[in-house]
Amino acid sequence: MTTMKTMAEPILTSTPSGRARSRRALRIVRRIPVWIIVAVLLIVVLYPQFWMIMGSFKTQTEFLSNPTWSLPQHWDLSNYIDALTRGNVAVNYRNSILVTIPAVCLIVLFGVAAGYALEVMIWRGRNSVLLLILAGIMVPGQMILVPLFTFYFKIGITDSLWPMIITYTVDGLPLATFLMAAYFRSVPREVFEASTMDGAGALRSFFTIGLPLMRNAILTIALVEFFSVWNDLLVALTFTTDPSLATIQVGLLSLNDQYGSTQYGPLFAAVSINIVALLIVFVFLNKKIMSGLAAGSLKG
Amino acid sequence: MKRVFGDRKTILILLGPTLVIYVLLKIVPVMWSLGLSFFDGNSLSGFTFTGFANFGRFFTDPIAIQSLWVSIIFALLATGGQIILGYLLALLYVFVLRKGSAFIRTAVFFPMVLPTVAVALLFRNLVSVGQNQGPINDIINLFGGKSVEFLASSVGTMAVALVMTYWSSMGFYAVLLYTGLLDIPDEVIESARLDGANGLRLVRHIVVPLSMPILISSIIFSFNSTLKVFDSLLALNNGGPGTSTTPLTLYMFQTAFNYSDYGYASTIALMLTILCLLFTLAIFRSSSRKAEA
Chain A
6 MTTMKTMAEP ILTSTPSGRA RSRRALRIVR RIPVWIIVAV LLIVVLYPQF
56 WMIMGSFKTQ TEFLSNPTWS LPQHWDLSNY IDALTRGNVA VNYRNSILVT
106 IPAVCLIVLF GVAAGYALEV MIWRGRNSVL LLILAGIMVP GQMILVPLFT
156 FYFKIGITDS LWPMIITYTV DGLPLATFLM AAYFRSVPRE VFEASTMDGA
206 GALRSFFTIG LPLMRNAILT IALVEFFSVW NDLLVALTFT TDPSLATIQV
256 GLLSLNDQYG STQYGPLFAA VSINIVALLI VFVFLNKKIM SGLAAGSLKG
Chain B
295 MKRVFGDRKT ILILLGPTLV IYVLLKIVPV MWSLGLSFFD GNSLSGFTFT
345 GFANFGRFFT DPIAIQSLWV SIIFALLATG GQIILGYLLA LLYVFVLRKG
395 SAFIRTAVFF PMVLPTVAVA LLFRNLVSVG QNQGPINDII NLFGGKSVEF
445 LASSVGTMAV ALVMTYWSSM GFYAVLLYTG LLDIPDEVIE SARLDGANGL
495 RLVRHIVVPL SMPILISSII FSFNSTLKVF DSLLALNNGG PGTSTTPLTL
545 YMFQTAFNYS DYGYASTIAL MLTILCLLFT LAIFRSSSRK AEA
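Respectively, the protein sequence lines represent chains A and B. With the numbering used here, letter number 14 in the first sequence gets 19, and the count goes up by one each step, no holes. With the numbering used here, letter number 58 in the second sequence gets 352, and the count goes up by one each step, no holes.
Hints in this document: simulated from the structure, not taken from any laboratory. All C-beta atoms in this analysis are idealised placements derived from N, C-alpha and C, irrespective of residue type, glycine included. Careful, some of the hints might be misleading.
[As the list claims (entries may be wrong)] Below, a sample of chain B positions facing chain A; criterion: calculated Cβ distance under 10 Å:
| id | residue |
| --- | --- |
| 1 | Met325 |
| 2 | Ser327 |
| 3 | Val402 |
| 4 | Ala412 |
| 5 | Asn426 |
| 6 | Gly557 |
| 7 | Thr574 |
[What the hints assert, rightly or not] Residues of chain A clear of chain B, computed beta-carbon distances all greater than 10 Å:
| id | residue |
| --- | --- |
| 8 | Ala30 |
| 9 | Leu31 |
| 10 | Ile37 |
| 11 | Pro77 |
| 12 | Gln78 |
| 13 | Leu89 |
| 14 | Ala95 |
| 15 | Leu103 |
| 16 | Cys110 |
| 17 | Gly161 |
| 18 | Thr213 |
| 19 | Asp247 |
[As the list claims (entries may be wrong)] If you anchor each label on the Cβ, the simulated ranges turn out as follows:
| id | chain 1 | residue 1 | chain 2 | residue 2 | range |
| --- | --- | --- | --- | --- | --- |
| 20 | B | Arg302 | A | Ile86 | 56 to 64 Å |
| 21 | A | Ser70 | B | Phe353 | 51 to 59 Å |
| 22 | A | Arg209 | B | Phe353 | 52 to 60 Å |
| 23 | A | Arg35 | B | Ile321 | 55 to 63 Å |
| 24 | B | Leu306 | A | Phe289 | 35 to 43 Å |
Produce the entire structure from the sequences given, and follow the hints as far as they go.
Below, the structure is given as C-alpha cells:
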C-alpha cells in the first residue's frame, strides 16, 4: 500500500528547472519499492516451478545429500524415462489426449450450433430453454456422478474411455452454449439477414456466416474447455475403473502413492512434463486463454 | 425474413444434440439423484425407501458435519484471500505498473492453467520435511526456526491448501478484476485526484465502489468454485490427517465409490448443491442491499 501512496502523490511541480537530474534520481528512488514488490512477486510465482523442473533432473543421491536449492549436477533424463515407462505416465498422457480432444470437439460443435439456434433463430420458448441450460451451470458435477455411473454400468461401457468423454461433454456443454449464445447476440442481426437475401436457408447461413464469424469465439471456448477437461480429477477418478484407463491427473496421484516419499525424481519429472507442456501452450495463446477464462467465469 | 429464421427443421438439427444430451444426461440424472437421496443402498444390493432418514443421518454424522465445516471454512478463507490478493495485484497493474504490466500479468496468471493435482504435489514437496527437506522448511531453519511438519496437522494442511490456492489463482482474479478496473474512466480518477483524494482514500472511496459489480461477480464465482474444493485437499494430504481436512465433495465421493452407499452419497451431493445456492443467494442479497443503501 505504501507504493500506492507514493505513486498517487502529485509530482512536485515547484522544482527549479536546473535540477532535472536530481528529479530523475528522486523518481528512481521512488520506483525502488515497486521493483522490490515485483521481484518478490515473480520469485514467489516462478521459483517453485523452476525448483520442480530442476528437481526432475536430479538423481536420488542428489535429492538426499545436496541442499534443496542446488542445481542438478548433470542434465540427466533418466527420471523422465523412468516416469514414462515404469510409472505408466506415457499411457496416462495417451488417455488424457484420447479423452480431451473428442470431448472438447463435441462441446464446441454442439455448443456453437445450440448457441445459434437459441440466439439467431426466432421461436417461442427459446428464452426458457436458455434459462434451463443456464441453471445447469449452477448444479455441481457431484449431483450427476452416481446416476451416470449406474447408467454407464448398465449399458456396459465402464471399461472404456467413453464414460469420461460423455461426462465431460455433459459438464462443459451448458457453459459453451451459454457463451456462444452471448457471442451471437453481439453480432448485428442484419449480418445474418443479409445472408439469406439470395434465398439461402438458415442452416446454410449458419455454416457460411455463423461459423466463420465465430472463429475467435470457438477458439476461446475450446481453450477454456480444454483446460477444464485436461485438469479435472473428479470425473476421471470416478470413471477410472482400471489403471489402464487413468488420465494424467489420476496417474500423477497414483505415482505419488507409489513413489511419493521414497523416490522423488520420477514424480518431479511427471509433474514437470505437465508444467512444461502447458507452458508451451500458454506462451503461444496466453492472451486468448486469459480473456477466455475470465469471460467464462464472469458470464457463468 | 422471420420465416427463414423460424425454420423448425433447422432449429431441431442445431439444438437437437445439445438438448438431448442435456436432458438425458443432466436433468434426468439430477432428478434421479434427488430421488436416490430418499433411498438406502446401491444398484447391486438394491434400494430401500427410507424417507428423510438420510437427511437425519447427515446432521448426526460427525464426519459429515466436519466435512461441511471444512468446505465452508475453506471457501470463506480461499475466497477472501483470492479476492484480496487479486484486487491488490489488479491495483498494482492499473495504477503502478500501467502499460508495463503485461509480462507480470501473464507470468502471475500462468499457475492457473496448471492442473491442481500437479500444483498440490509441488506444494507437498515444497513443505516436506525429513531426508528431502523442501525449501520452505529450509527458509524456516535459516531464520533459526525448527522444521515444521505442515501436513501432520489439520491446521497445517489447511494452511498449505489455502496458500497453494492463492498461489495458483491470484493471477486469475487479478486479470478478472483488472479488466473491471480498466473500465473506470480516467476522468473520474483524475477529477478525484484534483479534489485531493490520494492513495488509500482514492481506492476506498472511488475505485472500490466503482468496481463493485465485478467484485461481486468474482466473489460469487470464487465461492462457487471453492465450495466444491476437491482435487487440492485430496492430492495434498488425502483429506487427512485422518478425515480432518476432508471436504464435502471428497466425503461424497468416498461414500459413493468406496463404500457404495449411493443413497447417502446423493444426499451429500444435494446438501452441497443447496450450500452453493445459499451462498450465491446470500451474496446477491447482501450486495443488492448495499447498493440500495
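The hints, checked one at a time:
1. For B:Met325, the interface hint holds, since its Cβ comes within 10 Å of a Cβ in chain A; the closest pair sits about 9 Å apart.
2. At about 5 Å, the closest approach between the beta carbon of B:Ser327 and any beta carbon in chain A falls short of 10 Å, and the interface hint on this residue holds.
3. For the restraint placing B:Val402 at the interface with chain A, the shortest Cβ-Cβ distance is roughly 5 Å, inside the 10 Å limit, so the hint holds.
4. For B:Ala412, the suggested interface contact is upheld, since its CB lies about 5 Å from the closest CB of chain A, less than 10 Å.
5. A least Cβ separation of about 5 Å between B:Asn426 and chain A falls short of the 10 Å threshold, and the interface hint therefore holds.
6. A hinted interface residue such as B:Gly557 counts as satisfied when its beta carbon comes closer than 10 Å to some beta carbon of chain A; here the least separation is about 9 Å, so the hint holds.
7. Hint status for B:Thr574 relative to chain A: holds, with the closest Cβ pair at about 7 Å, below 10 Å.
8. Residue placement check: A:Ala30 keeps its beta carbon more than 10 Å from all beta carbons of chain B (closest about 19 Å).
9. Remark: the non-interface label on A:Leu31 is consistent with the geometry, its nearest Cβ contact in chain B lying 17 Å away (cut-off 10 Å).
10. Once the 10 Å rule is applied to beta carbons, A:Ile37 is consistent with being away from chain B; the minimum gap is 13 Å.
11. Every CB of chain B is more than 10 Å from the CB of A:Pro77 (nearest about 14 Å), matching its label as outside the interface.
12. Separation of A:Gln78 from chain B is adequate, the least Cβ-Cβ distance of about 16 Å exceeding the 10 Å criterion.
13. Distance check on A:Leu89: its Cβ is at least 16 Å (rounded) from any Cβ of chain B, clearing the 10 Å threshold; non-interface status holds.
14. The beta carbon of A:Ala95 sits about 17 Å from the closest Cβ of chain B, which is more than 10 Å, so the claim that it is off the interface holds.
15. The beta carbon of A:Leu103 sits about 17 Å from the closest Cβ of chain B, which is more than 10 Å, so the claim that it is off the interface holds.
16. A cut-off of 10 Å between C-beta atoms confirms that A:Cys110 is not in contact with chain B; the least separation is 13 Å.
17. No beta-carbon of chain B comes within 10 Å of the beta-carbon of A:Gly161; the shortest separation is about 14 Å.
18. With 10 Å as the threshold on Cβ separation, the claim that A:Thr213 sits away from chain B holds: the shortest Cβ distance comes to roughly 13 Å.
19. Residue-level check passed: A:Asp247 sits 14 Å from the nearest beta carbon of chain B, beyond 10 Å.
20. Distance hint check for B:Arg302 and A:Ile86: the Cβ-Cβ separation is about 59 Å, which falls inside the suggested range of 56 to 64 Å.
21. Against the hinted window of 51 to 59 Å, the Cβ-Cβ separation of A:Ser70 and B:Phe353 comes to about 53 Å, which satisfies the hint.
22. A hinted range of 52 to 60 Å holds for the C-beta pair A:Arg209 and B:Phe353, which are about 58 Å apart.
23. One distance hint, 55 to 63 Å for the beta-carbon pair A:Arg35 and B:Ile321, holds here, with the actual separation near 59 Å.
24. Evaluation of the 35 to 43 Å hint for B:Leu306 and A:Phe289 yields a pass: the beta carbon distance comes to about 39 Å.
The structure is consistent with each of the numbered hints, conforming to all of them.
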